[in-house]
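Single-letter residue listing:
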Amino acid sequence: MRCETVRRMADAFRTGELSRRVGERIRAHLEDCAGCAREVSFLGRLAAACQGMRTQAPKDLLERIRAGTSDHFDRVQTRLGPVWVGFSRRGMTLLRPGEMSPLEFGVLYRKIRGRVATPAKLPEALARAVQLAADGKLSRPARVDITGLTAFQQKVLEILQTIPRGEVRTYAWLAREAGKPRAARAVGNVMAGNPVPWILPCHRVVPTQGGVGNYAFGSEMKRELLRREGARP
Amino acid sequence: MLYLMRAATAGKGMIMDEPECIALSVHLGDEGAVERLVRAYQDQLYGYALRLLRNPFDADEVTQDVFIRACRTLTASYGPDRCRQLEMRPWLFRITRNLALNRMRDRRSAGEGRFSPVDDPDVANMPQDEGAGQPFQILADQDALSRALDRLETESRDLVVLRFIEGLSYAEIAQAAGGSEAAARAKVFRALRRLRVLLSEGGSTCAVKQ
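Each protein sequence line maps, in turn, to chains A and B. Position 197 of the first sequence, counting from 1, maps to 202 under the working numbering, and the rest follow consecutively. Position 10 of the second sequence, counting from 1, maps to 12 under the working numbering, and the rest follow consecutively.
One thing to keep in mind: the hints can contain errors.
To be verified - The calculated lysine to aspartate or glutamate pairs, modelled on DMTMM-like cross-linking and capped at a C-alpha distance of 20 Å, are:
| hint | chain 1 | residue 1 | chain 2 | residue 2 |
| --- | --- | --- | --- | --- |
| 1 | A | Lys64 | B | Glu63 |
| 2 | A | Lys126 | A | Glu104 |
| 3 | A | Lys116 | A | Asp140 |
| 4 | A | Lys64 | B | Asp60 |
| 5 | A | Lys126 | A | Asp150 |
| 6 | A | Lys116 | A | Glu172 |
| 7 | A | Lys142 | A | Glu172 |
| 8 | A | Lys64 | B | Asp45 |
| 9 | A | Lys116 | B | Asp32 |
| 10 | A | Lys160 | A | Glu182 |
| 11 | A | Lys64 | B | Asp83 |
| 12 | A | Lys64 | B | Asp32 |
| 13 | A | Lys64 | B | Asp67 |
| 14 | A | Lys116 | A | Glu104 |
| 15 | A | Lys126 | A | Glu68 |
| 16 | A | Lys116 | B | Asp45 |
| 17 | A | Lys116 | B | Glu33 |
Unchecked claim - A few chain B residues that don't get close to chain A, going by computed Cβ distances all over 10 Å:
| hint | residue |
| --- | --- |
| 18 | Glu37 |
| 19 | Gln66 |
| 20 | Asp83 |
| 21 | Cys85 |
| 22 | Gln87 |
| 23 | Arg96 |
| 24 | Arg109 |
| 25 | Glu155 |
| 26 | Ser182 |
Derived by calculation from the structure, the hints in this document are not laboratory data. All C-beta atoms in this analysis are idealised placements derived from N, C-alpha and C, irrespective of residue type, glycine included.
Modelling step: build the complete structure from the supplied sequences, incorporating the hints.
Right under this line is the structure:
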């Protein structure tokens, strides 16, 4: 074996990362070649010196990561009853009206959003938005986090936010606005899967043929929300 | 049975000294899994980011971002099988490497670039002198070694840090930085040659001081 070849593999040899056959040949070379043996020894000393240069991460890093990796949830009391709200740093991620245990909501959260959520206090601005929505008085979009949904879902939900309080639109209108005029039924599915109802106002979308149409939490709640907003479907 | 399972996982190249599959634990949302993941790798990843970026604020933010992204990927994008087969350490180093290099690029294009040895023609065009000798005595001087590392071009510094400070195997370096194991060996070899030139220079100035 030539010295050049040995030196190229000397470091992998040092840590036993070469095949046994190649390792044996290098070992044999080193017995006769002081220069290459010194090279292996230098690499060992370099590795040892570098070990002493390891650093420690800042003490509060774990705390910051914990805050950033976990979503949270809280229960809000409104004039339409209790509501469970999941949220991340970006905004609300899931909203479900009705009675439920924290455990039940935690399981539901993981199933729908695919992430873990732990109980924590809902930021005041978000809690206020939920209460305003229940009163039919939410006129400005509140912060939501709909990352992880498909591009089509996100687009439809974004357009949905432009429907003003007190007005309604049809599924067909929403499909046209999203650039898929034949996808009214798909739009209906997006509405049914809306993770943050009330805040993303899927209750403002009604069938072309009249009536309030379906609602994940019953047509009665949809009609009530529209009535409170002053809309006449 | 346990023996059989271990044999099966060993065949897939899993890290054997891991008592649990941490990727799967994070995926399943196990109590304290994120904390165990962070504790196991934060020092290595932060140290690596710091050596690459040479700036504690950037290194801190990049490391934080690495873990947040990794956890989101494990819980929202990867299934249980993919988590089980994941080699955590090189995977995390790869994310760190990408984020750190992106940040360096952003910093440069934002015009905040500080002095970089790559831009210094004297250092960039230095002869790759094989006969620079064996600066053994320099290794005893940690500051000199640290300075030499900081003066090394990004690509070489990256490899020397991965290999010698963080102690990655060549197989892991290949996964973290891309390319084959043989290519990783060749790149580290070249990086060491550059480091040696810088070390012997630092050595001569030290000698003058003494």
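Now the hints, each set against the structure:
Taking the CA atoms of Lys64 of chain A and Glu63 of chain B, the gap is about 13 Å. The hint holds against a cut of 20 Å. Proximity of Lys126 of chain A to Glu104 of chain A is assessed by CA-CA distance (about 18 Å); at most 20 Å being required, the pair is judged to hold. Pair hint Lys116 of chain A plus Asp140 of chain A does not hold up; C-alpha atoms about 29 Å apart against a cutoff of 20 Å. A hinted pair counts as satisfied when its Cα atoms are at most 20 Å apart, and Lys64 of chain A with Asp60 of chain B qualifies at roughly 16 Å.
With a C-alpha separation of about 17 Å, the suggested pairing of Lys126 of chain A with Asp150 of chain A holds against the 20 Å cut-off. Among the hinted pairs, Lys116 of chain A with Glu172 of chain A is inconsistent with the structure: their alpha-carbon atoms are about 33 Å apart, more than 20 Å. A distance of roughly 13 Å separates the Cα atoms of Lys142 of chain A and Glu172 of chain A; the hinted pair therefore holds under the 20 Å criterion. For the hint linking Lys64 of chain A to Asp45 of chain B, the alpha-carbon distance of about 10 Å falls within 20 Å, and the restraint holds.
Proposed proximity of Lys116 of chain A and Asp32 of chain B is supported: the alpha carbons are some 15 Å apart, at most 20 Å. Between Lys160 of chain A and Glu182 of chain A the alpha-carbon distance is near 10 Å, which keeps this suggested pair within the 20 Å criterion. Distance restraint check for Lys64 of chain A and Asp83 of chain B: the Cα-Cα separation of roughly 33 Å exceeds the 20 Å cut-off, and the hinted pair is therefore not satisfied. A C-alpha spacing of about 23 Å is found between Lys64 of chain A and Asp32 of chain B, which places the hinted pair above 20 Å, so the restraint is violated.
The straight-line distance between the Cα atoms of Lys64 of chain A and Asp67 of chain B is roughly 16 Å, inside the 20 Å bound, and the hint therefore holds. Restraint check for Lys116 of chain A and Glu104 of chain A: satisfied, since their Cα atoms lie roughly 18 Å apart, inside the 20 Å limit. A threshold of 20 Å between alpha carbons decides the hint, and for Lys126 of chain A with Glu68 of chain A the separation of about 17 Å falls inside it, so the pair holds. Straight-line distance between C-alpha atoms of Lys116 of chain A and Asp45 of chain B comes to about 33 Å, which puts the hinted pair past the 20 Å bound.
In summary, the hint linking Lys116 of chain A to Glu33 of chain B is supported, as the alpha carbons are separated by about 17 Å, within the 20 Å threshold. Under the 10 Å C-beta cut-off, the non-interface status given to Glu37 of chain B relative to chain A is violated; the minimum distance is some 6 Å. Listed as a non-interface residue, Gln66 of chain B fails to keep its Cβ farther than 10 Å from every Cβ of chain A; the least gap is roughly 5 Å. With a minimum CB-CB distance of about 16 Å to chain A, Asp83 of chain B clears the 10 Å threshold, and the non-interface call stands.
For Cys85 of chain B, the requirement that its beta carbon stay farther than 10 Å from each beta carbon of chain A is met, with the minimum near 13 Å. At roughly 20 Å from the closest C-beta of chain A, the C-beta of Gln87 of chain B stays outside 10 Å, upholding its exclusion from the interface. With 10 Å as the threshold on Cβ separation, the claim that Arg96 of chain B sits away from chain A holds: the shortest Cβ distance comes to roughly 18 Å. Against the 10 Å criterion, Arg109 of chain B stays outside the reach of chain A, whose nearest CB is about 20 Å from its own CB.
Under the 10 Å C-beta cut-off, the non-interface status given to Glu155 of chain B relative to chain A holds; the minimum distance is some 18 Å. With a least CB separation of 13 Å from chain A, Ser182 of chain B remains clear of the 10 Å interface cut-off, as annotated.
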